[in-house]
Structures are given as structure tokens and as C-alpha cells.
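Listed in order, the protein sequences are those of chains A and B.
Reading the first sequence from the start, the letters are residues 17 to 144 in my numbering.
Reading the second sequence from the start, the letters are residues 216 to 347 in my numbering.
I should point out that these hints are in silico values taken from the structure, not numbers from a laboratory.
A few of these clues could be false.
Said to hold, decoys possible - Coverage of chain A stretches by chain B, computed from C-beta distances (three or more under 8 angstroms per stretch; other residues unrestricted): (1) 27–39; (2) 71–82; (3) 96–107; (4) 114–120.
To be verified - So these bits of chain B aren't anywhere near chain A, every CB distance computed over 12 angstroms: (5) Pro222; (6) Ser228; (7) Ala248; (8) Thr261; (9) Ala275; (10) Phe280; (11) Arg287; (12) Lys319; (13) Ala321; (14) Ile327; (15) Arg345.
Claimed, not checked - Heads up, incomplete: computed chain A residues facing chain B, CB under 7 angstroms, no partners named: (16) Val63; (17) Ser66; (18) Ile90; (19) Gly93; (20) Lys123; (21) Val127; (22) Ala136; (23) Ser137; (24) Gly141; (25) Phe142; (26) Gly143.
Using N, Cα and C, we set each Cβ at its ideal position, and we do this for glycine too.
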Amino acid sequence: MNSDLRSPLNRARGLGSAKSGVHHFWMQRLTAVALIPLVIWFAVSLVMLSGADYGMARSWLSSPFVMVLLILTICIGLYHGQLGMQVVIEDYVHNEGVKLALIVAIKFIAVFFGLAATVASMRIGFGG
Amino acid sequence: MSVANRPVHRPLSPHLQVYRPQLTSTLSILHRATGIALSLGVLYLTVWVVCAAGSYETYARFQAFNSSIVGRLVLGGWLFCMFYHLFNGIRHLFWDMGYGFEIKDAYRSGWIVVAVSLVATAISWIVGLRLI
Numbered sequence: 017m018n019s020d021l022r023s024p025l026n027r028a029r030g031l032g033s034a035k036s037g038v039h040h041f042w043m044q045r046l047t048a049v050a051l052i053p054l055v056i057w058f059a060v061s062l063v064m065l066s067g068a069d070y071g072m073a074r075s076w077l078s079s080p081f082v083m084v085l086l087i088l089t090i091c092i093g094l095y096h097g098q099l100g101m102q103v104v105i106e107d108y109v110h111n112e113g114v115k116l117a118l119i120v121a122i123k124f125i126a127v128f129f130g131l132a133a134t135v136a137s138m139r140i141g142f143g144g
Numbered sequence: 216m217s218v219a220n221r222p223v224h225r226p227l228s229p230h231l232q233v234y235r236p237q238l239t240s241t242l243s244i245l246h247r248a249t250g251i252a253l254s255l256g257v258l259y260l261t262v263w264v265v266c267a268a269g270s271y272e273t274y275a276r277f278q279a280f281n282s283s284i285v286g287r288l289v290l291g292g293w294l295f296c297m298f299y300h301l302f303n304g305i306r307h308l309f310w311d312m313g314y315g316f317e318i319k320d321a322y323r324s325g326w327i328v329v330a331v332s333l334v335a336t337a338i339s340w341i342v343g344l345r346l347i
């Protein structure tokens, strides 16, 4: 006899009480793994760039290799960050309205900054 | 208000301050704290790229803050957060795969993360500030 109180359909869907399954967990780990090489590359670059002036910073930023890796680092970093901030907000903010507003806000901020970084990076790289 | 809806003042579980701080709990809290700091750091990184895409004067204003004492401390602090969150994040990924749950292993990996983060931060400061 099946001792699980969940229905077979519920088990097959695997969405649980939050109705979103392991999506949040999985995306957090996926972005974490992606960020390991990106952050190491970025940390080394940052140390090497320390004290760089306008011209040096721009010449570094305009390399296609740097553009790709930097846009990836910022966008995946923002995605990973907003997932983490969402958990922090869900843990500590108990007013439903404020909680929802904050979660919406961090998602909007992440998209806005991601696009801003991408456009700025391309403007430098493509000579705007 | 009905009896069922009346708030019940049940005893709460002991608050954090009654526990002796342990390496494992401290590092767990630090992981979250550095994560929050880095969420702001990636926004600041975006501001850097946007300023670099702007005029020389815009970038100079931004760099003036970065090379100030406060700016250096903030950037250096972010660097530590980045290394700590990176290495402790790798520790978390091993836990996710089911490794390192024994108390002894959790302490050993914790101290390794602390040591590697501090060494990486120190090397970055020394090389970044061109001290050698």
C-alpha cells in the first residue's frame, strides 16, 4: 500500500506546496556553477586593471572577448543575486504587500541594470 | 473576535543570541551577508561600465571616489565578499551533491574557505595596489 498522502498526479508534477517545484533551486545552482569561472576571470581582471585610467579601461572593455564574458558575468550575476535577494526578502519581510512589492522591484532592477550594462558595453565595443 | 481567532502567545524558540557562535553558523550567516553585499556590488559594476561608456569627465568623477580611502575600502571589501561567496558557494555545491556533511568535514571545509578567501583577498590587495 502506498503510504504517501500525495496523489500520483501531484507526485508526477513535482511542484510541491510553493507550486513552482525546484525551478528556483535549480536556477540558483545553475547560475552558481556558471559564475565560478566567470568570477575567477573577473577577479583576476579587476586586480590587473586596478588604477587603470579612462583609456585603459575602455580599451580593455572594447575587446570582444571581454564584452562577452563581462556581459555574461553581470547578467548571470544579477540573475543569481535577485534569486538570493528574493529568499532574503521572503525570510525577513512578513507583510505580504511589502514582500510582493520588494520582490517585483528587485526583478525590475535586475533587468534594468542587465540591459544598461549590455548597452554600455556594446557602445564602448562598437564605438558609439 | 472568536476564540479560534484569538492570538495565542506560545513560547518562542530561543533567539540566536543564546547560542554560542559556531564556525558553521557564522559562515552560513556570512554567506548570506556577502551575497547581499555582492547584489549591490554587481549594480556598482554596472555603473562602472555605464560611466566608462560616457565621457572622460564622467569616468573621472567615478574613479575619484574609487581611489579615495573610502572607495578603496568598499572595493576591497567587495573583493573579499566575492572570494568568500565564491569559495563558500563551492562548499555549498558539494553539500548539494551529498558530500561533506560530517561535523568534522563541515568544520574542515569551513576553515579552508576562510583561509583561502583571506589569502586570495590579501594577494589581490597587494597586487592591485602594486605593493610589490
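| field | Numbered hints the structure breaks, given as an ascending list | value | 1, 4, 7, 8, 9, 11, 15, 20, 21, 24, 25 and 26
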